[in-house]
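Enquirer: The hints should help you fit chain F onto chain L, whose structure is shown.
Chain residues, written in single-letter form:
2 protein chains.
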Amino acid sequence: MTKNTKVNAAILIIGNEILSGRTQDTNTSTLATWLNSIGVKVQEARVIPDIEKTIVDNLNVLRKENDYVFTTGGIGPTHDDITAESVSKAFGLKYEIHKEGYKILEAYYKPNEFNEGRQKMIWMPKNAQLILNPTSGAPGFSVENVFCLPGVPSIMKSMLGGLKNKIVGGKPILSHTISLKTVESEIANSLTEVQDNNKDVEIGSYPFFHAGKLGVSIVLRSENQSRIDECNSQILNFVNKKKIEVVDR
Amino acid sequence: MTKNTKVNAAILIIGNEILSGRTQDTNTSTLATWLNSIGVKVQEARVIPDIEKTIVDNLNVLRKENDYVFTTGGIGPTHDDITAESVSKAFGLKYEIHKEGYKILEAYYKPNEFNEGRQKMIWMPKNAQLILNPTSGAPGFSVENVFCLPGVPSIMKSMLGGLKNKIVGGKPILSHTISLKTVESEIANSLTEVQDNNKDVEIGSYPFFHAGKLGVSIVLRSENQSRIDECNSQILNFVNKKKIEVVDR
Chain L
1 MTKNTKVNAA ILIIGNEILS GRTQDTNTST LATWLNSIGV KVQEARVIPD
51 IEKTIVDNLN VLRKENDYVF TTGGIGPTHD DITAESVSKA FGLKYEIHKE
101 GYKILEAYYK PNEFNEGRQK MIWMPKNAQL ILNPTSGAPG FSVENVFCLP
151 GVPSIMKSML GGLKNKIVGG KPILSHTISL KTVESEIANS LTEVQDNNKD
201 VEIGSYPFFH AGKLGVSIVL RSENQSRIDE CNSQILNFVN KKKIEVVDR
Chain F
1 MTKNTKVNAA ILIIGNEILS GRTQDTNTST LATWLNSIGV KVQEARVIPD
51 IEKTIVDNLN VLRKENDYVF TTGGIGPTHD DITAESVSKA FGLKYEIHKE
101 GYKILEAYYK PNEFNEGRQK MIWMPKNAQL ILNPTSGAPG FSVENVFCLP
151 GVPSIMKSML GGLKNKIVGG KPILSHTISL KTVESEIANS LTEVQDNNKD
201 VEIGSYPFFH AGKLGVSIVL RSENQSRIDE CNSQILNFVN KKKIEVVDR
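Heads up: the sequence lines are chains L and F, in that order.
When we follow the numbering used here, the leftmost residue of the first sequence carries the number 1, and every step to the right adds one.
When we follow the numbering used here, the leftmost residue of the second sequence carries the number 1, and every step to the right adds one.
Excised from the complex, chain L in its bound form (with noise of 0.2 Å):
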């Protein structure tokens, strides 16, 4: 994948349950919107099996990549979760007590709940940053460019905001979307014009069918809203000549 000076993240969700079927990942979409918000773009996403190998590989080609890296799943006290080890053996460095992870749960459990599967969970890569979690106690971690997150989604959620000043995105993505009462193919033709002459927004064409309305919206991407605008003024030209009536999604 070519790198351009734009900020740019790669997503790695860990989790058999991802690849069973039997749990709806949502993480991709909360971590994309999130970055996009930042101006960091999202170049991939990846669902990879709780198994070392794959992740350490997978690891380690995406952190070379990608600006960024997020991680979700596998840092919790079961056998299943092993991420931080993972992590620990892609960067060649020693899994061990987090010091200040161990402060952080020592004070959050009582003595006598502070059990052995609880520290497995401040169980990290040396020298690894802490990233605080206001809802359940145990932290993630971040090493160099990659950000180590849980599966749960409300708990990985929650933790984001505490990524901000650590996150150094690019100018933020901006977008615009226009819903049309129409069919892909009656535009296709006048789309692909405006994408020829405007080759710096991206634009997307998604059919929709839903609440029994069918249509199609046209989403408008760019760091620069002048052009998202002139894009827009080009795409209402031909829809008006066509009569195709605009509609709210």
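If you are wondering where the hints come from, they were derived from the structure by calculation, not from laboratory data.
Glycine included, each C-beta is placed from N, C-alpha and C at the ideal position.
The calculated lysine-lysine pairs, modelled on DSS-like cross-linking and capped at a C-alpha distance of 27 Å, are:
no.: 1; chain 1: F; residue 1: 110; chain 2: L; residue 2: 242
no.: 2; chain 1: F; residue 1: 53; chain 2: L; residue 2: 199
no.: 3; chain 1: L; residue 1: 53; chain 2: F; residue 2: 6
no.: 4; chain 1: F; residue 1: 181; chain 2: L; residue 2: 157
no.: 5; chain 1: L; residue 1: 53; chain 2: F; residue 2: 171
no.: 6; chain 1: L; residue 1: 199; chain 2: F; residue 2: 89
no.: 7; chain 1: L; residue 1: 157; chain 2: F; residue 2: 213
no.: 8; chain 1: L; residue 1: 99; chain 2: L; residue 2: 157
no.: 9; chain 1: F; residue 1: 53; chain 2: L; residue 2: 64
no.: 10; chain 1: F; residue 1: 110; chain 2: L; residue 2: 241
no.: 11; chain 1: F; residue 1: 199; chain 2: L; residue 2: 53
no.: 12; chain 1: L; residue 1: 110; chain 2: F; residue 2: 242
no.: 13; chain 1: L; residue 1: 243; chain 2: F; residue 2: 110
no.: 14; chain 1: F; residue 1: 157; chain 2: L; residue 2: 181
no.: 15; chain 1: L; residue 1: 213; chain 2: F; residue 2: 157
no.: 16; chain 1: L; residue 1: 53; chain 2: L; residue 2: 64
no.: 17; chain 1: L; residue 1: 171; chain 2: F; residue 2: 53
no.: 18; chain 1: L; residue 1: 64; chain 2: F; residue 2: 64
no.: 19; chain 1: F; residue 1: 181; chain 2: F; residue 2: 241
no.: 20; chain 1: L; residue 1: 6; chain 2: F; residue 2: 53
no.: 21; chain 1: F; residue 1: 103; chain 2: F; residue 2: 164
no.: 22; chain 1: F; residue 1: 181; chain 2: L; residue 2: 110
Here are a few chain L residues that sit away from chain F, every Cβ distance over 10 Å (derived from the structure):
no.: 23; residue: 131
no.: 24; residue: 170
no.: 25; residue: 237
Expert: Then chain F, alone, in the frame of chain L:
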């Protein structure tokens, strides 16, 4: 990734709209659930943008590492639908009008409706096999072990039935879930012991928080029901000793 005697697959979700967070992918979950039910294990899923080189590169890795690859997205009539042309390039095949596909769409649409945009949907890799579409006419296609489906979830799902005879799975992967009113750290050690004694059964542990209930679901997966039953009884054994309540989930 090491291959074993089992039948495996990768899922390749093609579409900027997933990576921007605009659209929540559900095709991975639908495909994974269906593939598991016919004895095909999903090794990996990737979400990639509508960029030809990225599609070609990912496809050429995944089709060599897996028995099957399923793509979704990018086979419609608009400029951002580049899956068929990219698959042609990945296989070094000519990208051309599929004669049988042409006849299907010619019959599906009224003569004045079968416009250039719609004709784009039957440009495919030379000698591609069609995957019939009972919902909206335009077929998907396969080349060797790569199966290309549309991105719209309801249409994609409706086409799976027609694939059954083309996909040869292994033994179906069976699963059993035990939900407990506990937290993971309470059972982590005992569960590790059961996993260590039953390495051929995949044991996953998933905390849940919903409808005011908090607990852990333990998922046992194997092709062999008797092995699942054995693990189940070992788990219920320690659950009873610890006086942990089994709950519905």
